[in-house]
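Engineer: For reference, the chains in residue letters:
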Amino acid sequence: MKRKGSILGLIFVFLLAILSGCSGKDTPSPGKESGETKGGDSKKESVELSFWYGWTGPEGEALEKLIKKWNDANPDIKVKGLSQSDYQKQLTAITGGNPPDVASNFGQDVVPWGERGAMMPLDDYIKKDNVDLGDFVPAALSSSQSKGKTYAIPIAMHVSMLFYNKEVLEKAGLSGPPETMGQLKEYITKLSVKENGGKLQRLGLWPGVDAFTFSYAYGGSYYDADKKQVTPDNAGVKAAIEFGKGIWDQFGSSELDRFASGLGQYMSPQNPFFTGKYAMTIDGEWLPTFIKQFAPNLNYGIAPIPYDENNPNLKNPGNVSTSVFYIPKGVKHPEESWKFLKWITEPDQMAEFTAAIGNLPTRTSLQSNEIYKDVPGFQEFLQYSSSPNLHSFPATTFSSEYMTEFSTQYNAILRGEVSVDEGLKRVKDKIQPLVK
Amino acid sequence: MSAAKLLRTKIFPHTMLILFSVFFLFPFVWLVFTSLKSSNEIFELPPRIIPASFQWSNYKAAFETVPFGHYMLNTLVICVVCIIGQLFAAPLVAYSISRIPWVGSKIIFAIVLATMILPSQVQLIPQYIIFAKLGWINTILPLTIGAFFGAPFYIFLLRQFLLGVPKELSEAAKMDGASEFRIYAQIILPTLKPALATVALFTFVGAYTDFMGPLIYLNDSAKWTLTLGLQGFQQDHGAQWEKLMAASTIMAIPMILLYFFGQKYYMQSGSAFTGFK
Amino acid sequence: MRDSISGKTSLRRKGWTRREWHYFWLGLIFASPWIIGFLVFTVYPFFSSLYFSLTEYDLFNAPRWVGIDNYKAIMKDHNFYKSISNTLFMAFISVPITLLCSLLIAMLLNFKVKGINYYRTIYYLPAVIPGVASALLWTWMLNPDFGLVNIFLRWVGLPDPAWLLDPQFTKPSLILMGLWGSGAGALIFLAALQGVPQTYYEAAEVDGANWWYRFWKITVPALSPIILFQLIMGLIGAFQIFTESYILAGGKSGNSLGGPGQSLLFYAVNLYQEAFMNLKMGYASALAWILFIIVMLITLLVLKTSRRWVYYGGE
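Protein chains in written order, with our numbering: chain A, 1 to 436; chain B, 1 to 277; chain C, 1 to 315.
Wrong hints could be hidden among the right ones.
For lysine to any residue, the following SDA-like pairs were computed, each having C-alpha atoms within a straight-line distance of at most 25 angstroms [claimed, not checked]: (1) Lys264(B) / Gly195(C); (2) Lys76(C) / Glu417(A); (3) Lys60(B) / Gln265(A); (4) Lys76(C) / Ser419(A); (5) Lys106(B) / Met296(C); (6) Lys82(C) / Gly208(A); (7) Lys60(B) / Phe294(A).
These are computed hints drawn from the structure, not numbers from a lab.
So that you can see chain A by itself, here it is in the shape it has in the complex:
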């Protein structure tokens, strides 16, 4: 009997040893970090913050430059940047209790995430350090706030406009960009080129593009806050979808799919707009900077998004969004995280970063800054960003599911799998129950 007990003991010790050995191998960082928190009171030991951001390539490098600057000046708070373009990973990291210390995201995620408890409210810190929120563009700031709490600080503002290839337009006998949606439709037909075999060589504008932007041209809206109703079947939204569908059907799914499968990488010289495969495109303020890097010889123009001729008061419509920095709930060094967050959104840093990647700053005091003098397209976009007809997708707890479902059904509508009405009804049926 004694022997048996010892075997049992042995096996358990063995099992435990392996388990602890394996966790020991793997969890040094949390262990080390908790040790640091204790030592953090003395403010002597250095802290390492992980900073996840969504920018990649040259944009990520621009941010790394700033991080290096911070690290050189702050040896006690070392920031380690990590380019991670999938924002969903942040959310699962937060639920798992091992979040990054500071992270970037799109403004539209702030309200859903903040209200869910994934983001740390920053108001106490803002008050303590007297950060002047009055300097921020109100629309950009408000997308980071909900129910009196500020969950994130916007670093950059994004607006989309119409880009057109001047050479291609001229060859087609078109002197300037389209101004109305009706003209846009004509342009697309004129600018699209088919090879004699019938294969698409060039497309006027990718018809699957951005129903959100066009729906604002038609005065559409996605949510009625007073009635607590989602409104994907709103007349303006429907008009935008029908516009997209009209162009789509002109070419047909199989033709467009084939064409799309031969398109190059977005952030490269093979970007279809750079190579002339798209005669026009709708894109953000960063595109001129990309063009400068990847296709410096491209002869292009920037124009307002076309408006609906029946709604001339809705001139200069479009979509506006932000990029933000925030501190996830459950971080181990909130003080240090805030210090870095505050520093990187200060005017100097914001100017350096947004100028490097050709984004619009969210601080009004920076808008006339000299640093943007050489940023291509900056003036056009800055001016456009003051248009009263720019809108954002409504910031609600269900925004991301709403946008996903909307895109799914939009795709199904374009492909003729469901009718416009049926597709939009499906969106409504799925999302309305999520409204609380």
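Assemble the complex: chain A is given as a structure, and chains B and C must be docked to it using the hints.
Structural biologist: Just chains B and C now, with coordinates in the frame of chain A:
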């Protein structure tokens, strides 16, 4: 030999075998040739199969864009821990249900078989919640801990093997008063070596190729495995096929090498399945 | 010593000899890793997911009891039906096709010709390629204009579909990918084929039976237990298809998974999307339980019909 027989026993089989070989081999040829094309050649019409000149720099570029070496290391750590776990647990359990005469052996064997057909998605969410509460998300623990409890398939495999090991082998030792654990460690385990090699090999392959596990549990790209790294590469550089194919080749090479060196174990596993009847 | 005494008394009560107890404890100790793992990682999750399926739970706020609301919502969710029909397509079309092909390949590999081992090596090779890499490779193989498959089809004068971009061809594309890796299944059949006594075939040949007859009357019945096993594993596998779809649809937050026209939205993909992208853990747990019930039903059904076509040789 008559012409008809020659046709039936030689010509027909070879023709068919060669035809199918083309289907099985050509994607590899395409993979390697694409990985050596220049970025302009990728979208050239009419497409050419063999690149004009071999761009070995694509491999270098793939390594420079994404830290594949680092991902490889992460992957290997997971693989090794999983192998240790399986080699510890699976033979113990297999021994219990095949060589120890106790009531549990039949019950456990039945449950082991039943769990093989249980869809893993059923347990996925609660498991995730457990690991989240333990603070194990974004560590390799959720991906490796399971190995220390023995995977059903390996337990089954080892049990089949153990049934073929003559009982007399341990009877003699038992007469001499050796404990069950000593018999297990000194007599049975050594005879199990080839089967254990199969378990190690398949555990390695399983951990190396796993995608959903790392996708769910690893957030921080510094901790990613090769599968996640490759998928991340696709997300950010999806249309740079030459680099994507170079990266895919890099990922496939260890598996191909392992296959060539461990072929007999792969073949063994094929026969192991026939034991299911 | 006290242990052994108390052990003895309980032995008598249950009628177990000391020797039986000895082996009971030994067996338990040896099996303990699996028992612990089974209880913690299978039994507990199994039942707690039933509980979660009756709650609303986003991992941030405590689970909130909602009764069968999740199940009701699923019954109205078109994504659910789409994923079911896509998955059933794979289960009842792709699985049998793949099985039949691996069986034919196994028979091919069973020819006693020179160099057969080289063929076996080649045929199995694709099966060792990691799923992510092979999904990427096939995405490029099936590119409508620049992919090898269409280069070949155009060369022989056949129509060249858009494969992964055309909702009608996405699932056939997956089947094609699956066939490329069918060497693994073929190997299992091959091992079984080699166990079929040659005398059966010789006797049939003496009787003048043709190939077709021999295939259906000897090969298939002799292999039927293995076919059953592979069929069940294949069906369960169909309900777990994930990686290929995720890669082909280029999964990323903001993008919806499921490929063109949601034609690759499979059950496991939909479940992943609800659980880990929308953080609807309760809803996804309900999906998991529905999955469990469907898989059990299908398995039982197959097992039940199998009595009619599976022969356990000899006995």
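Engineer: All hints, please: hold or fail.
Structural biologist: Each hint, compared with the structure:
Restraint check for Lys264(B) and Gly195(C): satisfied, since their Cα atoms lie roughly 18 angstroms apart, inside the 25 angstroms limit. About 19 angstroms separates the Cα atoms of Lys76(C) and Glu417(A), which keeps this hinted pair within 25 angstroms; it holds. For the suggested pair Lys60(B) and Gln265(A), the alpha carbons sit about 19 angstroms apart, so the restraint of at most 25 angstroms is met. Restraint check for Lys76(C) and Ser419(A): satisfied, since their Cα atoms lie roughly 19 angstroms apart, inside the 25 angstroms limit.
Annotation: proposed proximity of Lys106(B) to Met296(C) holds, straight-line Cα distance about 22 angstroms (limit 25 angstroms). Between Lys82(C) and Gly208(A) the CA atoms are separated by roughly 22 angstroms; this keeps the pair inside 25 angstroms, and the hint holds. For the given pair, Lys60(B) sits about 21 angstroms from Phe294(A) by alpha-carbon distance, which is consistent with the 25 angstroms threshold.
In terms of the numbered hints stated before, the structure departs from none.
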